[in-house]
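Novice: Dock chain to chain to rebuild the complex, using the hints, since each chain is given by itself in its own frame.
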Amino acid sequence: MAKKIVVEVCTGTHCVLMGSMHMMDSIASLAEIREEMGSTTEIEVKAVPCLNLCKSGTRGPFVIVDGKTIPQAEADVVMAEIMSHCNDECSNCDC
Amino acid sequence: MSIRGLFTPITKIRRQVFEEIARFAYERDLKSDDFYYFYESPYRIIPGEVAKYRDSVFKERTIIRERIRLAMGLPLRPTTSYQNLTDGMKECASSKKQLELPLVTVIPFACEACKPDHFKVTNNCKKCLAHPCTSVCPVNAVSIGKDSAIIDSEKCIKCGRCREACPYGAIIRSGRPCAEACGAKAIESDELGRAKINQDKCVACGLCIVSCPFAAIADKSEILQLITAIRSGEKVYAIIAPSFVGQFGPLATPGKIISGIRELGMDYVMEVSYGADIGSIHEAEEFMEHVPDEKPFLGTSCCPAWASFAKATLPDYAYCIADTNTPMVATAVKIKEHDPNAKVVFIGPCIAKKIEATYEDVAPYVDYVITYEELMGIFSAKGVELTELEESEFDVEASADGRNYAVSGGVANAVINTVKNRDPQREVPVMKAETLAECRKMLLLAKAGKATGHLLEGMACSGGCVGGPGTLSAIPRASKDVKAFADKSNFKTADDNIYLNIKK
Ligand code: SF4
Ligand code: FES
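The listed protein sequences correspond, in order, to chains V and G. Each residue of the first sequence is one higher than the one before, counting from 1 in my numbering. Each residue of the second sequence is one higher than the one before, counting from 1001 in my numbering.
Be a bit skeptical, because a hint or two may be false.
As the list claims (entries may be wrong) - The following residues of chain G were derived to be distant from chain V, with all beta-carbon distances above 12 Å:
1. S1002
2. H1282
3. D1339
4. D1361
5. F1379
6. P1429
To be verified - Under the rule of at most 30 Å between Cα atoms (straight-line distance), these lysine-lysine pairs were calculated in the DSSO-like manner:
7. V:K4 to G:K1480
8. G:K1480 to G:K1447
9. V:K46 to G:K1441
10. G:K1441 to G:K1201
11. G:K1155 to G:K1012
12. G:K1052 to V:K55
13. G:K1012 to V:K55
14. G:K1447 to G:K1420
15. G:K1441 to G:K1155
16. G:K1311 to V:K55
17. G:K1012 to V:K46
18. G:K1201 to V:K55
19. V:K68 to G:K1382
If you are wondering where the hints come from, they were derived from the structure by calculation, not from laboratory data. Because the structure is a prediction, the values reported are computed rather than measured. Ideal placement from N, C-alpha and C gives every residue a C-beta, glycine not left out.
Chain G on its own, in the form it takes in the complex (with noise of 0.2 Å):
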């Protein structure tokens, strides 16, 4: 079991934080230097003198501290030696594109180390006569103690033997959450056997974030440059990826949510599915053209945290993923070339995108990445009531293929569709993964030379983009949105879009 999806003491925590910046963002006046605000923050989020969650409010409250500074794209302060909480505020209070990495830290004393994937016997032991435990265990891990039954964590192997034997069902199976979570194997342990994450292996895909009990880990966050850049007057442009519909809650139409954005000041609101649209005519002729000759398989590219994860596990075949711009990307670009002195945010579920955005070919397209959640403390914080606005819509529209991207299986039909438009006769074999765990399987598969052929269709979070870490909606809830808004177009395929030949 995960806690993953659900709404918990640690989401509205890790909310209320993104409010209290964005409030800041607004409030402050931007000449001024004066950040005690962030003094008072873990008062107002922690209140009383009772502590809730963990031993004491002092805690509780350091804690809620550190995530102000990475919410504000500042890195953690050492625990070892002082430094002041508002240091480095100064300079991150601008409108100046300035994440650095590492983008997804553990909070090192907010991490309980739990101990990483065991079998452990729970006090449901009865020390049976028949103890079944030690007969069936294939290396001999299972003795018989003084009150129950004793696992050799050394020995054992973990094949879980013993748990199915158990006629109590007293021996379970228990890990990090976190490390649970992570399908790139990132997480190692400290010293002290707290968690700590391999940044060559991260891929930022966030899901240890929301997977965390005792919300150990975060992100960094642009929501104060963002409001800054607003309100200083640069021309802002949201692009809001496609799983963006019903995030904001069931009464927030899309159109609803076009007019929150612009309440927000920023001047133009594009879908991201327009994007995808331009990805999916490159992708369907990058494989018409490359596969199987030239590129065994061509695997897709929307996915920043899959597509980095391909590349760093079958480096032979980085090739193979596809070389087209993300539906960020081209979208990003598209507005650029028609005003190079926009600034550009992107507004997704996704966490990875922090990432990509400062690749270097991405950076100077995509100045701030947030996610849905962050940009509900920004409403919040604005009281901008997105349920009393009138409705909007997209001056340009994508097509329903575009917008179904953000569901698993969504790309992979778009670009068949597309193909199929060219050529009715190509065949178009897909194999597709959720979840980084199953998309290495599905690489390994690759590399044994089954995928020839094969589009692969790789995500990250399991449902695909409705299912990311930035997410406010449950996965069906958004799913079936994502479909109901995708209907609503007047193209079904990319090629179908009017709107992609036409210059912005």
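Looking at chain V on its own, in the form it has when it is part of the complex (with noise of 0.2 Å):
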């Protein structure tokens, strides 16, 4: 059975200033160059509404890798987590 992550951007009004459009941009390259490389794990780029998490005052943008919530995500971070998140059960690919 193929895996499947599912990440959800935020891009309520605050991510968005923070850049989470682009954020989803950099994930969408990163599954498809997974899966020209043979990636069997699916990885699902959701946008969600905003999630509440801005009003506390800690910035943005927020992404949830899983269930995992990153804050302040930068792409770095976030395409590290997602790649954990791969790792666990892929055999077809080298990652």
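Specialist: Encoded structure:
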């Protein structure tokens, strides 16, 4: 069974201001490259409305990778998190 | 490569400054002259003690201070004498339109003085036996030094042959990102080798701002003046450029964006594509009447950076740039005819529009210009959660052709369709160019007589307005969104738009 990782990117006002649209594009391009490389893990990127996390004063963008919330998300941290989730059960690719 | 279109820490800082000013503008006591808030701003934006981007937090914060001044519409402070951070703030914190040129400036001490365009031998050079670099150089500029090949930059004519010949890819071309982005060739150097903008050449396309990896270039904003106008009870009409679709996030539909703008206290929101429809008809008629007899070709007028660049590059042909009001102006005129006391804010992707709004014949109609990025800062500061709002609609709709003005090719297409509506036999050959560097080539062809009878569509930004420096969405995504919204219009061409004839 192919594994699926769900990445939710907050696209509320504050998070978009802090770059969440570009974050979505980067994750989508990561998913694409992994697919090209033969990974069987599917990465699903979802835009979600304001998670209400921004109201507490912590800066966005907020990204949730398989349930784990990353505040002030920077692309490298998010990518690493996604990759670590891929690694678990991935046997087909050499990630 | 360029950082244009990527989200980097620089983008973040720029946007935080906009948000910071918007928050102040909303929260301050309108009668007070207290600007203490801005002494603290740099500490909010650059927290902590460890420098993240430059050699020290002190420098980072000093640069933030200048960015804040610019974003309030103030000039930079002198670097060689003392001036208080808040000097001039009292005067600029009003609803009065007061944008002063220069609009785009280099913050001198933020500039790293990148070396202008040159070829360089990197440490990948193995000082190989064959060293083909020396033999292919037509001007004998490459020699073999102690550790590696050396290029004599005095002699080098930048032909690039050495780079192609090197089996290790050790030779690179490198230059100044700002100068490379500038199609008007307005970037020069000051006595310390730092970038300096030749204001006579600058058409404020704004691309250097988003291309400098050190965020050393910035423009001025009217966030404070706009919000002050809203808060002091002025009637503010927002007109939003065709490229707005999708700029505020994938879930912020056009309907939600309209609601969001109303939420900010602007009474009325209109799409500038409506003014584009007015323009398409005018431009079509101009074309049919004057080309090729009185004017060998007709250049589109909607992109102010292109229009002023074209007039400066080919002054003898300045009359060939359409005499048509830009969509922004056409829309604003319509509003002020209806309500002369209104204040009009143009919201768009464009920085050159800020200059256009200072032109003598435009200033009475357009009071403020802000970019999507600036508007997003305002939404965030005011806590307007776009995704949670109900949908609204524009009261007056624009045609699909008008909405497509935002994407390269869209303007020419709209004009062709309006010409065809009048005379199906009339051919409209088109030449088009995106980026000023390409526009320059197109102008040279026109000068050489190769554009006779043509419609010339010029756009300073690649991709058209969706590629403007004040956007938030990536170009491919934005172009798709614009097209989808255009398809939803009830009218195909400008002539089909039933709203053009009714008096608003
Ligand atoms: S790219 Fe930035 S740092 Fe480099 S010369 Fe231009 S303004 Fe200065
Ligand atoms: S906008 Fe992302 S948590 Fe509120």
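Novice: A separate judgement is required for each hint: does it hold in the structure or not?
Specialist: Each hint, compared with the structure:
1. S1002: The assertion about S1002 of chain G holds, with a minimum of 15 Å to chain V.
2. H1282: holds (35 Å)
3. D1339: holds (29 Å)
4. D1361: D1361 of chain G is indeed farther than 12 Å from all Cβ atoms of chain V, at 35 Å.
5. F1379: violated (5 Å)
6. P1429: Consistent with the label, P1429 of chain G stays out of reach of chain V, its closest Cβ about 37 Å off (over 12 Å).
7. V:K4 to G:K1480: holds (27 Å)
8. G:K1480 to G:K1447: violated (35 Å)
9. V:K46 to G:K1441: Not satisfied, since the Cα-Cα distance of roughly 43 Å exceeds 30 Å.
10. G:K1441 to G:K1201: Satisfied, since the Cα-Cα distance of roughly 17 Å is no more than 30 Å.
11. G:K1155 to G:K1012: violated (41 Å)
12. G:K1052 to V:K55: Measuring from Cα to Cα gives roughly 25 Å; hence the hint holds.
13. G:K1012 to V:K55: holds (18 Å)
14. G:K1447 to G:K1420: Since the Cα atoms of K1447 of chain G and K1420 of chain G sit roughly 27 Å apart, the hinted pair holds (cutoff 30 Å).
15. G:K1441 to G:K1155: holds (27 Å)
16. G:K1311 to V:K55: violated (49 Å)
17. G:K1012 to V:K46: holds (22 Å)
18. G:K1201 to V:K55: Measuring from Cα to Cα gives roughly 45 Å; hence the hint is violated.
19. V:K68 to G:K1382: holds (29 Å)
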